[in-house]
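Undergrad: Using the hints, position chain F against chain Z.
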Amino acid sequence: MAMTGIERIGNILQRKPVDRIGLYEHFWGDTCRKWTDEGHLREGESLEDHFGFDLSECGAFNMVADLDFTPEVVEETEETQLIRDGNGALLRRHKLHDATPEHVDFTVRERTVWEEFAKPRLVADRRRINFEAYRAARDAARAHERFFFWAGVNVFELMSYLCGHEYMLMGMAVDPDWIKDMVSTYSRLNVDLMEILFAEEGAPEGVWFYDDLGFKQRPFISPDMYREIIQPGHKRTFDYAKSRGLPVVLHSCGFVAPLIPGMLEAGIDGLQVIEVKAGMDLLQLHKDFGDRLSFIGGTDVRVLYSNDRDRIEAELCGKIPVVKEGYGYVLHTDHSVPDQVEYASYRYFVDRGLELGQY
Amino acid sequence: MSELLEQIATCIERGKVNAASPYPPDMRGQEGADELVKKAIEQGVPAGDILSQAMIVGMGRIGKKFSNNEVFVPDVLMAAKAMQAGMNHLRPFFDSGEAVHKGTFIIGTVQGDLHDIGKNLVAMVMEGGGFKVIDLGVDVSAEKFAQAVKDNPGASVGLSALLTTTMVNMEKTVKLLKEQAPDTKVVVGGAPLTQEFANKIGADAYSPDPQGALDYLTAAVS
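Protein chains in written order, with my numbering: chain Z, 1323 to 1681; chain F, 67 to 288.
No wet-lab data here; the hints were simulated from the structure. Careful: at least some of the hints might be erroneous.
Stated by the list, open to error - Below, a list of computed lysine to any residue pairs in the SDA-like style, where the Cα atoms sit at most 25 Å apart:
{"id": "1", "chain 1": "F", "residue 1": "Lys266", "chain 2": "Z", "residue 2": "Asp1661"}
{"id": "2", "chain 1": "F", "residue 1": "Lys210", "chain 2": "Z", "residue 2": "His1416"}
{"id": "3", "chain 1": "F", "residue 1": "Lys168", "chain 2": "F", "residue 2": "Ala85"}
{"id": "4", "chain 1": "Z", "residue 1": "Lys1538", "chain 2": "F", "residue 2": "Asn134"}
{"id": "5", "chain 1": "Z", "residue 1": "Lys1441", "chain 2": "Z", "residue 2": "Phe1391"}
For clarity, every value in this text was computed on a predicted model and none was experimentally measured.
Extracted from the complex, chain Z is given alone in its bound form (with noise of 0.2 Å):
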């Protein structure tokens, strides 16, 4: 009999027997758009109903400093918006599709203004957790029998929306106990906020964290900068998830390969993305890790794109034999899919990645 997602993902973020390999897939949102225009989809029908993903996530928490800031336009052109947002950021965000905004300018770009506009602000507020879309999430994946994870964001990431890379990553450098002080304070409002929302709706299946630490081929910053001053802001979270006996899964973009050494050592169970276009090799890491750690990803979303059956099963039939011995691997490209990507190429993809990864 076919296990359920929860029992699925659970044994693979421990490594343990299972059917099959997981299935679990991030989608730029002009994806879903033109399969359902194209009649892939039904109107309204989501993804993970659709390809029968094994697990969910839920992102609850507003970490924005000036909560009763509404977000202002200051601009705005045909195809983009200039935003200041409740971190005093000015960001610039696309209209037309799903991107990364630009980093245009930054309120708190050293210690002073952090402790005077920031800082004081950081501090757990129930209207910074959406109750109602946990909940139903949560349900959602409950009646599909998915493993269901709340989702949030780290420090290296929220400390970038508030400041920007360059500042935090300058302030690193010339001012780290400001930084380290960023750390603290983010770290402990996320375990805050989960304290408060796990009381009161119950504790989710797992935790995920998003935390892009990885640029092309190299990580933003050293193994030894990463133990210094992210890793202490990682294990407060990570420990809080293993008080309640939760998994973890990071998420990184870019180039991380180095740091893992230290991640493991602030508890994560799984990596997600394992984004190959940036240097990160899945036969590799699973080879020198595979032991302790559980892979998302890896699957080169450049191959699907090119929808060229033959390079997908190459891609497929290069890796997934490999990568399931141990019983810790998820089916995921290394990114997002972008609408590119045919759908009868992602279905292919889906049907055979998951026949090779029977046991």
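TA: For chain F alone, coordinates are given in the frame of chain Z:
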């Protein structure tokens, strides 16, 4: 004289901006690029020598270390900040022609793509490598790149893309630039890019890191 130039190169390599900066900790209290470049000018060292024998040397060292994964992004940002502190003193000499750039480098993130940190790092290293940098920002149309080349004849161009969804706009930009000014050197980079893709779209070079772009264009313009 050469000792002072070496001190400047070291300050830039290590990211020592000025005497007040606490970074790097082992150079706390020492003069930085700001004070030392000013001192070199006051001692009559030609601006061109300060640029080519000290500042470009220091940026080159950090760029190579970055390529070799010996240092990380914070180190490059601090080096660029030290470079900027020194360049502030040299600016009048560029205006008078006493110091000259290796060439002009126009950079931007292609249309549809708003990512900027990779592009900014390349711009910093190119400026530190002696190029005049014109940063067109993010979400730049092919036509805007073409106009910038028209306004700056002989300039080289760097195109950045982080999203797989915007790579197609890179191809369009390269095509337009090559139609308008076939001799324009175009270097491309960004997370989803490969040498194979660069070849396919007709770019002159692909570089996975800023130093590769600088090395290629330095050789191309010399």
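Undergrad: It remains to establish, for every hint, whether it holds in the given structure.
TA: Each hint tested on the structure:
1. Lys266/F - Asp1661/Z: 21 Å, holds
2. Lys210/F - His1416/Z: 18 Å, holds
3. Lys168/F - Ala85/F: At roughly 30 Å apart (the allowed maximum being 25 Å), Ala85/F and Lys168/F break the hint.
4. Lys1538/Z - Asn134/F: 13 Å, holds
5. Lys1441/Z - Phe1391/Z: 15 Å, holds
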